[in-house]
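Q: For the record, the sequence lines run as chains A and B. Heads up: the first sequence at position 104 corresponds to 104 in full-length UniProt numbering, and the numbers run straight through without jumps. Heads up: the second sequence at position 31 corresponds to 31 in full-length UniProt numbering, and the numbers run straight through without jumps.
Don't take every hint at face value.
A few chain A residues facing chain B, derived, Cβ under 8 Å [unchecked claim]:
#, residue
1, 16
2, 31
3, 105
4, 109
5, 112
Derived by calculation from the structure, the hints in this document are not laboratory data. Note that CB positions come from ideal geometry on N, CA and C, so glycine has one too.
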Amino acid sequence: MTAPVLVADRGLRHELRAAGVVWQRDLIRFRTDRGRIVSSFVQPLLFLFVLGKGLGASIGEATFGGADYSTFLFPGVLASSVMFTAVFSAISIVWDREQGFLREMLVAPISRTSIVLGKCLGGATVATLQALVLLALAGLVGVPYAPLMLVGAIGLLLLIAFAITAFGLLLAVRVQQIQTVMPRVQLLLTPLMFLSGAFFPLSSAVPGWLHALTLANPLSYGVDVLRRLVLAHTGGDGDATALRWGEQVVPIWVDVAMVAGAGVALLALAAWLFSRTD
Amino acid sequence: MALTTFESVRRGRTPATSPVIEASGLVKRYGQVEAVRGIDLAVGTGELFGFLGPNGAGKSTTIQMLCTLVRPTGGSARVAGFDVVRQRSDVRRHIGLVFQESTLDGHLTAEQNLRFHADVYGMARSSVRSRTDAVLEMVGLADRRGALVRTFSGGMKRRLEIARGLLHSPRVLFLDEPTIGLDPESRAGLWRYVDRLRAEEDITVFLTTHYMDEAERCDRIAIVDDGRIGALDTPSVLKAGVGHDRVRVDTTDDDAAEALLQSRLGVETTREAGVLTVLVPDGEQFVPRLFELGLTIRSVDVTRPTLDDVFLAHTGSRLAAGPSRGGRR
Chain A
1 MTAPVLVADR
11 GLRHELRAAG
21 VVWQRDLIRF
31 RTDRGRIVSS
41 FVQPLLFLFV
51 LGKGLGASIG
61 EATFGGADYS
71 TFLFPGVLAS
81 SVMFTAVFSA
91 ISIVWDREQG
101 FLREMLVAPI
111 SRTSIVLGKC
121 LGGATVATLQ
131 ALVLLALAGL
141 VGVPYAPLML
151 VGAIGLLLLI
161 AFAITAFGLL
171 LAVRVQQIQT
181 VMPRVQLLLT
191 PLMFLSGAFF
201 PLSSAVPGWL
211 HALTLANPLS
221 YGVDVLRRLV
231 LAHTGGDGDA
241 TALRWGEQVV
251 PIWVDVAMVA
261 GAGVALLALA
271 AWLFSRTD
Chain B
1 MALTTFESVR
11 RGRTPATSPV
21 IEASGLVKRY
31 GQVEAVRGID
41 LAVGTGELFG
51 FLGPNGAGKS
61 TTIQMLCTLV
71 RPTGGSARVA
81 GFDVVRQRSD
91 VRRHIGLVFQ
101 ESTLDGHLTA
111 EQNLRFHADV
121 YGMARSSVRS
131 RTDAVLEMVG
141 LADRRGALVR
151 TFSGGMKRRL
161 EIARGLLHSP
171 RVLFLDEPTI
181 GLDPESRAGL
191 WRYVDRLRAE
201 EDITVFLTTH
211 YMDEAERCDR
221 IAIVDDGRIG
231 ALDTPSVLKA
241 GVGHDRVRVD
251 TTDDDAAEAL
261 LQSRLGVETT
271 REAGVLTVLV
281 PDGEQFVPRL
291 FELGLTIRSV
301 DVTRPTLDDV
311 FLAHTGSRLA
321 AGPSRGGRR
């Protein structure tokens, strides 16, 4: 007599499916929001062509391991562009709360961790997709379209975007209004970007305090590995501008582990905070 | 089959079938404020059960405790056989929720909203398609399935929310003020769908409202005020329990009439919105006696007790008159 409840999946399978649809929703919304795609390119293009070509003209190539400044800058601009788009994808969770849709997720028989994981994967994917257009400009700054480099760069951008989305979620999961989270994000993101080595190499001329702050920033390792990958394909000396602990060049696996570790830790923290929120 | 169940429920004080919602001593405190102060109830399978009360009475808090969204400070409750504190996920799988505020994604289509729901509720993939068709059909949105929800009217959105709440075939559908903010036509339409739903699916509907006409439709209602249930029964029993009719008299000289009514007939008079009003056990028999007083009477109006009178009798305040406390929207 009673209609069967049509709920089939349980446990981890169900949680992953839920995270999957949260991710998918972000992609659907990204596809239908073309304004966002266009407007997010202004800043990176300014950095790349105005700062890169302008400043590059007055600085010698020796500073950048034999590469042109705009070539040196390219991976940094890719990373910083991903940082901004990822963090804004992350804080869309506050929009979801304001618009009411978050409640549909909160009342479902799923854990908060699945929601945060889905959001994080969604933000990372969307940010990386946006960065693809920028990546397509590689030829304009003297970076060849080497398939291996492109695949590697996309993977690294995904990783960086994942960590930054997790960071954005940590800032956003408890926030009720978008006006509250925006200033916080701006306040924290700009220093993170400037202290990531995206715009200048950490040569011995850089003051010690600045050097220390940059080394403390997990994003620096992401920028570092991305730049070494790009410079390795332009014939420049990647190691010349590489991140160093003392005299020692930071190994690439450490670079990757630093970003991945930061991402997972931030995500876990965001999930924990979210599960303690009404 | 279903109809006879409702009829038997309608007559009784307690649910005729085994309860699908049971609460005992539910309490919710927010700091010093006691929003819900001990609620006991049992709702039977297939019932349309209503919570009637003003904003701020504790209706929404109670519904949120039953839906596992708010943890009770005291007492316990079971929904569809599961404990609302210890078996939250199980409760959630077996209930559908429609809130006062929209929880749809306006940037997705109607169908995409339903797809999302199917996945987060872990519905069997083989049933999603047919179930989506069925619920969209039921609320009359089958031809708008591919349209973005932000293009929908308020009434269409609410219908889609109901469709979504039903998608996973819940045992209980909770409707928190389902018609708030809707125009009369959309309200009527929404009720047609609820009626149809109850005819087609074996489902219990638990709703909160502060509209009398909506409470009238319920099999049983609980009058809620100040965090407590003041009365709980079928609308007809509750109204019979009030024990008086309301007689409104319009005369050429209300002051003189008032004095005569008190001295000759020994009844208390009040002025409701400037109209002389008397509460008597049997209004029809009272009217002839009224005319024996020799007053010049312009008109007389006798009304049976309404749920508003029930509300007044149990809480000492009127629900329908004036803007409700809290005044949402």
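Q: Answer holds if the nearest beta-carbon of chain B is closer than 8 Å to that of residue 105/A; otherwise answer violated.
A: holds (6 Å)
Q: Do the numbers back the hint for residue 16/A, that is, is its least Cβ distance to chain B under 8 Å?
A: Constraint on residue 16/A not satisfied, violated at 10 Å.
Q: Using Cβ atoms only, decide whether residue 109/A comes closer than 8 Å to chain B, and label the hint accordingly.
A: Hint holds; residue 109/A Cβ to chain B Cβ min 4 Å, cut 8 Å.
Q: Given a cut of 8 Å on the nearest C-beta pair, is the interface hint for residue 31/A held or broken against chain B?
A: With Cβ-Cβ at 10 Å, over 8 Å, it is violated.
Q: Would you check whether residue 112/A satisfies its interface hint, that is, whether its CB is within less than 8 Å of any CB in chain B?
A: violated (12 Å)
Checked against the numbered hints given earlier, this structure breaks hints 1, 2, 5; the rest are met.
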